[in-house]
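Asker: One-letter residues, chain by chain:
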Amino acid sequence: DQQVKQNSPSLSVQEGRISILNCDYTNSMFDYFLWYKKYPAEGPTFLISISSIKDKNEDGRFTVFLNKSAKHLSLHIVPSQPGDSAVYFCAASAQGGSEKLVFGKGTKLTVNP
Amino acid sequence: DSGVTQTPKHLITATGQRVTLRCSPRSGDLSVYWYQQSLDQGLQFLIQYYNGEERAKGNILERFSAQQFPDLHSELNLSSLELGDSALYFCASSVGDGLGPQHFGDGTRLSIL
Chain V
1 DQQVKQNSPS
11 LSVQEGRISI
21 LNCDYTNSMF
31 DYFLWYKKYP
41 AEGPTFLISI
51 SSIKDKNEDG
61 RFTVFLNKSA
71 KHLSLHIVPS
81 QPGDSAVYFC
91 AASAQGGSEK
101 LVFGKGTKLT
111 VNP
Chain C
114 DSGVTQTPKH
124 LITATGQRVT
134 LRCSPRSGDL
144 SVYWYQQSLD
154 QGLQFLIQYY
164 NGEERAKGNI
174 LERFSAQQFP
184 DLHSELNLSS
194 LELGDSALYF
204 CASSVGDGLG
214 PQHFGDGTRL
224 SIL
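Order-wise, the sequence lines are chains V and C. This note's numbering puts the first residue of the first sequence at 1, with every later residue one more than the last. This note's numbering puts the first residue of the second sequence at 114, with every later residue one more than the last.
Worth flagging that the hints you see were computed from the coordinates, not collected in a lab. Among the hints, a few may not be true.
Stated by the list, open to error - Pairs of lysine-lysine residues, derived as DSS-like cross-links and limited to a Cα-Cα distance of at most 30 angstroms, are as follows:
{"no.": "1", "chain 1": "V", "residue 1": "Lys105", "chain 2": "V", "residue 2": "Lys71"}
{"no.": "2", "chain 1": "V", "residue 1": "Lys54", "chain 2": "V", "residue 2": "Lys105"}
{"no.": "3", "chain 1": "V", "residue 1": "Lys54", "chain 2": "V", "residue 2": "Lys38"}
{"no.": "4", "chain 1": "V", "residue 1": "Lys108", "chain 2": "V", "residue 2": "Lys71"}
{"no.": "5", "chain 1": "V", "residue 1": "Lys56", "chain 2": "V", "residue 2": "Lys68"}
{"no.": "6", "chain 1": "V", "residue 1": "Lys38", "chain 2": "V", "residue 2": "Lys71"}
{"no.": "7", "chain 1": "V", "residue 1": "Lys71", "chain 2": "C", "residue 2": "Lys122"}
{"no.": "8", "chain 1": "V", "residue 1": "Lys54", "chain 2": "V", "residue 2": "Lys108"}
{"no.": "9", "chain 1": "V", "residue 1": "Lys5", "chain 2": "V", "residue 2": "Lys108"}
{"no.": "10", "chain 1": "V", "residue 1": "Lys54", "chain 2": "V", "residue 2": "Lys71"}
{"no.": "11", "chain 1": "C", "residue 1": "Lys122", "chain 2": "V", "residue 2": "Lys54"}
{"no.": "12", "chain 1": "V", "residue 1": "Lys108", "chain 2": "V", "residue 2": "Lys38"}
{"no.": "13", "chain 1": "V", "residue 1": "Lys56", "chain 2": "V", "residue 2": "Lys71"}
{"no.": "14", "chain 1": "C", "residue 1": "Lys170", "chain 2": "V", "residue 2": "Lys71"}
{"no.": "15", "chain 1": "V", "residue 1": "Lys5", "chain 2": "V", "residue 2": "Lys56"}
{"no.": "16", "chain 1": "C", "residue 1": "Lys122", "chain 2": "V", "residue 2": "Lys108"}
{"no.": "17", "chain 1": "V", "residue 1": "Lys38", "chain 2": "V", "residue 2": "Lys68"}
{"no.": "18", "chain 1": "C", "residue 1": "Lys122", "chain 2": "V", "residue 2": "Lys38"}
{"no.": "19", "chain 1": "V", "residue 1": "Lys71", "chain 2": "V", "residue 2": "Lys5"}
{"no.": "20", "chain 1": "V", "residue 1": "Lys5", "chain 2": "V", "residue 2": "Lys68"}
{"no.": "21", "chain 1": "V", "residue 1": "Lys108", "chain 2": "V", "residue 2": "Lys56"}
{"no.": "22", "chain 1": "V", "residue 1": "Lys5", "chain 2": "C", "residue 2": "Lys170"}
{"no.": "23", "chain 1": "V", "residue 1": "Lys68", "chain 2": "C", "residue 2": "Lys122"}
{"no.": "24", "chain 1": "C", "residue 1": "Lys170", "chain 2": "C", "residue 2": "Lys122"}
{"no.": "25", "chain 1": "V", "residue 1": "Lys38", "chain 2": "V", "residue 2": "Lys56"}
{"no.": "26", "chain 1": "C", "residue 1": "Lys170", "chain 2": "V", "residue 2": "Lys38"}
{"no.": "27", "chain 1": "V", "residue 1": "Lys105", "chain 2": "C", "residue 2": "Lys122"}
{"no.": "28", "chain 1": "V", "residue 1": "Lys108", "chain 2": "V", "residue 2": "Lys68"}
{"no.": "29", "chain 1": "V", "residue 1": "Lys105", "chain 2": "V", "residue 2": "Lys56"}
{"no.": "30", "chain 1": "C", "residue 1": "Lys170", "chain 2": "V", "residue 2": "Lys108"}
To be verified - Taking beta-carbon pairs under 10 angstroms as the criterion, some of the chain V residues facing chain C (in silico):
{"no.": "31", "residue": "Gln2"}
{"no.": "32", "residue": "Val4"}
{"no.": "33", "residue": "Tyr36"}
{"no.": "34", "residue": "Thr45"}
{"no.": "35", "residue": "Phe46"}
{"no.": "36", "residue": "Ser49"}
{"no.": "37", "residue": "Val102"}
{"no.": "38", "residue": "Gly104"}
Beta carbons: idealized from backbone N, C-alpha and C, even for Gly.
Isolated chain V, as found in the complex (with noise of 0.2 angstroms):
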């Protein structure tokens, strides 16, 4: 029972562009939503987060944005550059995130020069 889905394992985009690492839940009393970047040999590193009181939150280049009713969440990356290139995780929880993490299984994003 995958509560937290990401249902794209790949994806490749061109230097410059944008990249949307799409993310869906099932539960609803996920409140708290938050993506890691993992690359090779190392841990998840934390990227940015959402509560679910925003629909959108904004750090530099990436961008979450949060549909509730859909129950949805993108992470934007704007422009996209070559050290992009990880796995990228979706994570939920409850109780505004004192709640155990429930994570996605991960999309691979490739960024070509």
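Let chain V serve as the given structure and place chain C on it in line with the hints.
Answerer: For chain C alone, coordinates are given in the frame of chain V:
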């Protein structure tokens, strides 16, 4: 560098054996979390400790146990190892009791022969 230190980086052992994985959290973080990542799987939450006390349990097998010591470092003990226990084991830490983003170590790769 996330500030979370995991040792060893790699561990190779045989079925039936017992191993101990160690984690030192970021300075000032009171919570430690353990995750398992098997092939093609997302990160599966195992267990959380906060300031020495167990706070939350995920899908942790009875053969696995963990503890957090007074200096806040944590150990994950895996016993009666089976082939299916081969995985990456990540430790993460956060400041509060489940609040705020978790910061991950680089993991311990466990291989069971």
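Asker: All hints are to be evaluated individually against the structure, with a verdict given for each.
Answerer: Cross-check of the supplied hints:
{"no.": "1", "hint": "V:Lys105 / V:Lys71", "in the structure": "holds, 17 angstroms"}
{"no.": "2", "hint": "V:Lys54 / V:Lys105", "in the structure": "holds, 24 angstroms"}
{"no.": "3", "hint": "V:Lys54 / V:Lys38", "in the structure": "holds, 25 angstroms"}
{"no.": "4", "hint": "V:Lys108 / V:Lys71", "in the structure": "holds, 22 angstroms"}
{"no.": "5", "hint": "V:Lys56 / V:Lys68", "in the structure": "holds, 11 angstroms"}
{"no.": "6", "hint": "V:Lys38 / V:Lys71", "in the structure": "holds, 24 angstroms"}
{"no.": "7", "hint": "V:Lys71 / C:Lys122", "in the structure": "violated, 37 angstroms"}
{"no.": "8", "hint": "V:Lys54 / V:Lys108", "in the structure": "holds, 27 angstroms"}
{"no.": "9", "hint": "V:Lys5 / V:Lys108", "in the structure": "holds, 14 angstroms"}
{"no.": "10", "hint": "V:Lys54 / V:Lys71", "in the structure": "holds, 13 angstroms"}
{"no.": "11", "hint": "C:Lys122 / V:Lys54", "in the structure": "violated, 39 angstroms"}
{"no.": "12", "hint": "V:Lys108 / V:Lys38", "in the structure": "holds, 9 angstroms"}
{"no.": "13", "hint": "V:Lys56 / V:Lys71", "in the structure": "holds, 14 angstroms"}
{"no.": "14", "hint": "C:Lys170 / V:Lys71", "in the structure": "holds, 25 angstroms"}
{"no.": "15", "hint": "V:Lys5 / V:Lys56", "in the structure": "holds, 20 angstroms"}
{"no.": "16", "hint": "C:Lys122 / V:Lys108", "in the structure": "holds, 23 angstroms"}
{"no.": "17", "hint": "V:Lys38 / V:Lys68", "in the structure": "holds, 26 angstroms"}
{"no.": "18", "hint": "C:Lys122 / V:Lys38", "in the structure": "holds, 16 angstroms"}
{"no.": "19", "hint": "V:Lys71 / V:Lys5", "in the structure": "holds, 11 angstroms"}
{"no.": "20", "hint": "V:Lys5 / V:Lys68", "in the structure": "holds, 15 angstroms"}
{"no.": "21", "hint": "V:Lys108 / V:Lys56", "in the structure": "holds, 23 angstroms"}
{"no.": "22", "hint": "V:Lys5 / C:Lys170", "in the structure": "holds, 22 angstroms"}
{"no.": "23", "hint": "V:Lys68 / C:Lys122", "in the structure": "violated, 39 angstroms"}
{"no.": "24", "hint": "C:Lys170 / C:Lys122", "in the structure": "holds, 24 angstroms"}
{"no.": "25", "hint": "V:Lys38 / V:Lys56", "in the structure": "holds, 23 angstroms"}
{"no.": "26", "hint": "C:Lys170 / V:Lys38", "in the structure": "holds, 24 angstroms"}
{"no.": "27", "hint": "V:Lys105 / C:Lys122", "in the structure": "holds, 22 angstroms"}
{"no.": "28", "hint": "V:Lys108 / V:Lys68", "in the structure": "holds, 25 angstroms"}
{"no.": "29", "hint": "V:Lys105 / V:Lys56", "in the structure": "holds, 23 angstroms"}
{"no.": "30", "hint": "C:Lys170 / V:Lys108", "in the structure": "holds, 29 angstroms"}
{"no.": "31", "hint": "Gln2", "in the structure": "holds, 8 angstroms"}
{"no.": "32", "hint": "Val4", "in the structure": "holds, 8 angstroms"}
{"no.": "33", "hint": "Tyr36", "in the structure": "holds, 8 angstroms"}
{"no.": "34", "hint": "Thr45", "in the structure": "holds, 7 angstroms"}
{"no.": "35", "hint": "Phe46", "in the structure": "holds, 4 angstroms"}
{"no.": "36", "hint": "Ser49", "in the structure": "holds, 6 angstroms"}
{"no.": "37", "hint": "Val102", "in the structure": "holds, 7 angstroms"}
{"no.": "38", "hint": "Gly104", "in the structure": "holds, 6 angstroms"}
Hint compliance for this structure: hints 7, 11 and 23 are not met, and every other hint is.
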